[in-house]
Each structure stands twice: as C-alpha cells, then as structure tokens.
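Enquirer: Starting from the given sequences, assemble the full structure and let the hints guide the process.
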Amino acid sequence: MFEKSCEVINKIDTQLSVNPDDSTLNSEDFPTLINYCPLVNNDTKHKCNNYEALVSSAFITLLVRFISSNDDEHLDRDKFAEYAILWLCYQLNQKTVNRIDNLNDYYNTYIKGIEKYSNKLEDVETYNSCKDIINKKQYLMNMDINKMSRLYEALKILCDMYTECNIKKQNYTGCSKDAQDFVKEFQKLNDDFSIIGNNSYREILSSLSTNYNNFKSDCAKNCSSCNNLPTLSPIKTPQSFEHASSSSSIISTLIPVLLAFGIPIFLGIAYKYSLFGFDKRFHRQYLRERLKKIKKKMTSYV
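Sequential numbering from -19 applies to the sequence shown in my numbering.
Derived by calculation from the structure, the hints in this document are not laboratory data.
Source: prediction; values computed, not measured.
Incorrect hints may have been included.
Derived DEER-like restraints, expressed as beta-carbon distance ranges [stated by the list, open to error]: (1) 171 with -17: 27 to 33 Å; (2) 157 with 97: 41 to 47 Å; (3) 147 with 77: 15 to 21 Å; (4) 201 with 171: 29 to 35 Å; (5) 108 with 167: 39 to 45 Å; (6) 179 with 88: 22 to 28 Å; (7) -19 with 6: 32 to 38 Å; (8) 56 with 2: 30 to 36 Å; (9) 157 with 49: 28 to 34 Å; (10) 269 with 76: 52 to 58 Å; (11) 116 with 11: 46 to 52 Å.
Think about it this way: if two alpha-carbon atoms lie no more than 25 Å apart in a straight line, the pair counts; the simulated DSS-like pairs of lysine-lysine are [stated by the list, open to error]: (12) 164 with 59; (13) 117 with 92; (14) 100 with 111; (15) 196 with 168; (16) 157 with 136; (17) 127 with 111; (18) 196 with 136; (19) 92 with 75; (20) 196 with -9; (21) 168 with 136; (22) 75 with 100; (23) 75 with 196; (24) -16 with 149; (25) 25 with 100.
Glycine residues also receive a C-beta, built at the ideal position from the N, C-alpha and C atoms.
Expert: Here it is as structure tokens:
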C-alpha cells in the first residue's frame, strides 16, 4: 500500500511544478489538476485563481486517484488520507508570501468550498468517497502545518527510496546514503517532544518506522547496495522525555549541594596544611590545582 501511495504522490508532484509565490499563476497550465477548481463561465469551466486553490484541487485529485486505483483496499484509504494531508501541508508551507498558518481555515475556504459544485463534477461518486475520507481525518486539520511538513519530508525520502529501488534495482547505488538521510530525519522527529507528545504525530511517525522496516526486509532484497542499512531507534514515549527532564533536574540540584559540601572540606584541608608552614607560593599553587580538580569532577556529573 505504501508503495502505491508513493506512486500517486510522485505523479502529482511531477505535474504540480509551480512557483508557490507566483501571482501570475494560470491554472490552465495544469489541465490534469484543475478538475476540482471552482466552476466559472456559467459552470462550464474549472479555474483556480491562486496557488491555494490549485493545491486544494490537486489534493482532492490525489485522493481520487488513489481511490480509483484501489477499489478493494478500503482500510488503506484512511492511511493514505494521512499521507495526502501531509503532502497538502508541505505544499502550503512552500509559500513565503502570505503563508497559510491555519489548516482548518484553509480547509473550510478551499476544500470544503468546492462542495457546492459537487453535483456538476464528472465523477460525483468518487468525489463523495473522497469527501468521506477527509471528514474522518478532520482532526488532522487542527495540526501544525510546520510539523506536518517535517513529517512529510521524512515520508518523501522514504517514497524516493521505494521508487528508486523498484526502478533501478541492482543499480540503486545511492540506497545506503538515502537510508542514512531518512534515519537522520526520523531521529530529529523522534527527539522532538512536540512530535512525540502528540498522539497523531506519533502515529504517523510509527507508520514511517513500519514502512522503513518493510523496505529493509522486502525492497532491499532486490538491491545489493541496500544491505546492512541503519536501524531506526525505538519510538520514544512522552514518559521518556519526562524521565530525562527529571534526571536533569536532579543533577542540577545535586551540583550546588556537592559544591556546598566539597569546597568547605577542601578549604579545611588547605588550612590544615597551612598550619604546617608550607611555602606560601607552593600553597597557592596547590590550592589552584585542587580547585580545578573539584570543578572538573563537578562538571563530569552534568
């Protein structure tokens, strides 16, 4: 299923080659992606007036194509809808001017806004199925676009790995490097509490982990360069972050206590030595060396 998802996403990406900040965008340049643009000219022609509307149409097209090519895989539709929403967030995040920050507002304006034309669409039944899938994933519309974009970037690396392996097979010499790039991005997400602390983000990260492990066990068999790929670390839990924070707090508390007890003891020893008439210069040097050692030991506890 993941492999099929990647095929649909890659095809859409190829067709949606556009500058997000281009104010002169003409939707007629994207004939395969405008079937879900608003209707104009007495409802005889589809036209998107801006990048946001075009991306909305491409998003619905993405879902429709997947549904059309996977009639019997209803369980996979929900998972693909997640990937499609990641794709949507990434595309919206490419804008640098008048960037969309609220995905829910975007959904209501553009994606839901096309419903009034639904009875005049070519494939109403498929569109309605698509709408039902989106409604089931409505909670994702409240997610942070930036975080969803980061998850998509990891997904895209993995998609490219599947695609390259299927096309090049034994000639896929970049497999090891691509796997390292994916593991690196995955680890950044896994180390981010704002990702791990959210069940929806964490679930998507878990899906990426599963699909990467499937790649290692299945797709990699067709490519000798894909042997001995790096292993992903287990997905963290919110509790693991709390434990790390607690440990850090304990250490931070202990250091002042150790200093409070250690320095007086050291000064007491130093005073004891001074009573035996040590040379003052040697005594000062001795004090400096001992103090350095104490600081070094204290630092090692951090």
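Enquirer: Hints broken by the structure, by number, lowest first?
Expert: 3, 11, 22 and 23
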